[in-house]
Amino acid sequence: MNPVLDRDALDFGAAARRAFASLGGIAAARRAEVDPTSRQTVVELLGSLGIDDLDPVGNADSAAAAAVLCEEAGRVALPCPVGGLALCATGDDGSRGLPVAVVDPDRSRVDHAHLFPVWHVLGPDGLDTTARPVGPALGTRLGPFVGDLRATDHDGDHPGTGRVGHSTALRGWWLALSAWTILGALDRAVELAIAHTRDRIQFGKALTDFQTVRFALADAAVAVAGLRELAGYALWRLDVDADHAWPDVLALRSHALDTARTVLRSTQQLHGASGLCDEVDISILVRHLQPLLRLPSGAEATAVELAGAIERHGFDGLFAHGRLP
Amino acid sequence: MDFELGEEADTLRARLRAMIDAHVPAGFLGAFTDDPADLEVTQRFCALLASEGLLTVAWPTDHGGAGGNVWDQTVVREEMWAHHEPRGPQYMGLNWVGPAIMAFGSDEQKRRYLPPIAEGGAIWCQGFSEPGAGSDLAALATRAHPDGDGWRLRGQKIWTSYAAMAQWCVLAARVGPGERHEGITMFLVPMDAAGITVVPIASMLGPHHLNEVFLDDVAVGPEAVLGEVGGGWSVIRRALAHERVGIARYARCERLLSLLSRRGQEASPTVPDHLAAAWARALTQVRVARLLAYRAVLTQEAGDPPDATASMARIAVTRCDQLVAELLFQVLGDASLEAGGGAPLAGAIEDHWRYAQAATVASGTLEVQQTIVARELLGRPR
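Taken in order, these protein sequences are the chains called P and H. For the first sequence, this note's numbering assigns the number 1 to the initial residue and increments by one for each residue that follows. For the second sequence, this note's numbering assigns the number 1001 to the initial residue and increments by one for each residue that follows.
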């Protein structure tokens, strides 16, 4: 029993944190809203960190590195689809593949759609194709970079696309890495709430002197700690038994969405009115995380999908679950 | 990363399940019922476990234990709780009374008290809580007055589980004029001593769980003191450290969810479609609770002192217990109000719901755990 990430992965995460801090941390997200082209700087920075060398699907060390990279990106609402970039399959000739997105086939809507000209999109029922952005980005407060993709007939010979049996595993990895990004954002949200409530004086004392505030912080921290354990568990399951890890990945995704709902709400609430202001980091974090919480599907649809997956495939644990073989 | 407990743990788990299948009657819901036969089941089962070296699996070999590691303890804890604790009231003696006597007891106390605990032959109760000292245990007011070379105990304990069936009580009382932690002293008191009166408290948990214990000039000798006079708080801290991981409530939750999952078992209620998502979420919560509990076990294995990790696990585990209890009741609908052998799953779900209501109170309230977590969060550097 060892639920701890390897030292190399943790070191990589620390390097990523320093690199993102060099962009100003969450300031990069603010800049991107004003100037979406500034996201290219982020893509280049990720390249310098070695994201192109990652192969999470094929290598456990790489998977751990991709996970912590996504977590660090989540902490600063990095304006870039880091999980999808980390899953770019590399071709036999070493050429880099396409960024990966998991979509709802009824509407291939993804975050940062216009950042790349061609995507490798995956969905249920074996959907596995390439797609290009169409139309403008939403440009809304909750989806500033969200745009639609339109499928193309395999748009050139891109490594990784259309490989038989590959898409389900890749879809699982995308969902797992998205949960690691959510984890990072929630972990940071708790830190921000602690900092604010410790500094904010009301009724002559710090907000953290009020028991109800302390309990709210404790509950949020417990929720994030639980999500962290589940994120590690899913990563391990993908590593040791990817063919049967689909319920584990969905459980992680479902739990990440449920946890995000409660933790973001409570940590923003603890900021009072300031939590709604974009000059305060929690507001950016909450706004910019919304696409990841809604796309390709939200909490309720994911929980329903999880129930079906458990019934079909079972659920690892102390006792058997789901349909008998 | 590796989330497997290992082959030895798997083997131990399978062995325990085989023993439970063979020796615990179907429909067993624990020792604390109106049927004395249930207590007899636990006594026989404890004797069986002891004969196979499994009752004291976690005790050091010096004291007749198997010298098992924390993961062996974890497996035992999970399997026993999942199957309605067929050790009955023994877990307290095994988990912390015995280890506390090993750590603080005299040679005579070890000789006298440890073998009966190891054989499953002695029932202990814990005299900590008082009407004015619940979460704030250091406010306890029961006093021990010097009397010759011994002591006389005066005061009242409350919420004392198994008091009516116990032969012994490990009891905290105050010696001298000190306040708070000062002067607290631990006594090993025979429950048949003159001056002890046990009054059961009717409760939703059923018989034997909640009692008042009145101590009216109970005379005990000097040999009854466990550890140093005035050193009781150290014993209590050790007791609480042993309890830090708490009951493996998640294991029973998972077993009941498994029994009710949509497996088409005859005569077994199944999860309706409209609760399928809630069922999946509950299974996920159970997994989260188990993983957080394992994280607390890891801190124990590393020899680290109890910290917020254990409290986080307890918060998650106890809330999970209540969430699952509620979901199971939703599945049963009006049959959730039925109890006993004729109820769904022989009353296991009705029993679980009642016990789950106590989960966030027993052995340290939810609010105490939240306070510990918050204290650590706010102690972190900015």
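No lab work stands behind these hints, which were simulated from the structure alone. On a predicted model such as this, the values are computed, not experimentally measured, just so you know. Ideal Cβ placement from N, Cα and C applies to all residues, glycine included. Any given hint might turn out to be false.
Said to hold, decoys possible - Just the calculated beta-carbon pair ranges, DEER-fashion:
1. P:A21 - H:H1181: 55 to 61 Å
2. P:G204 - H:D1136: 22 to 28 Å
3. H:R1237 - P:G204: 31 to 37 Å
4. H:T1365 - P:L142: 35 to 41 Å
5. H:T1365 - P:D241: 38 to 44 Å
6. H:D1021 - P:D11: 29 to 35 Å
7. H:D1034 - P:N2: 45 to 51 Å
8. H:G1067 - P:D11: 23 to 29 Å
9. P:G204 - H:D1010: 25 to 31 Å
For each hint, the structure was consulted:
Remark: the range hint 55 to 61 Å for A21 (chain P) to H1181 (chain H) is contradicted by a beta-carbon distance near 45 Å. At roughly 26 Å, the beta-carbon separation of G204 (chain P) and D1136 (chain H) lies within the given 22 to 28 Å, and the hint holds. Range check, R1237 (chain H) to G204 (chain P): Cβ separation about 35 Å, and the 31 to 37 Å hint holds. For T1365 (chain H) and L142 (chain P), the Cβ-Cβ distance of about 39 Å falls inside the hinted range of 35 to 41 Å, so the restraint holds.
Between T1365 (chain H) and D241 (chain P) the Cβ separation comes to about 40 Å, which falls inside the hinted range of 38 to 44 Å. Between D1021 (chain H) and D11 (chain P) the CB atoms are about 48 Å apart, so this pair departs from the stated range of 29 to 35 Å. Judged by the Cβ atoms, the range 45 to 51 Å given for D1034 (chain H) and N2 (chain P) holds: they are separated by roughly 46 Å. Hint check: G1067 (chain H) to D11 (chain P), Cβ distance near 37 Å, so the stated range 23 to 29 Å is violated.
Taken as a hint, the range 25 to 31 Å is violated for the pair G204 (chain P) and D1010 (chain H), whose Cβ atoms sit roughly 58 Å apart.
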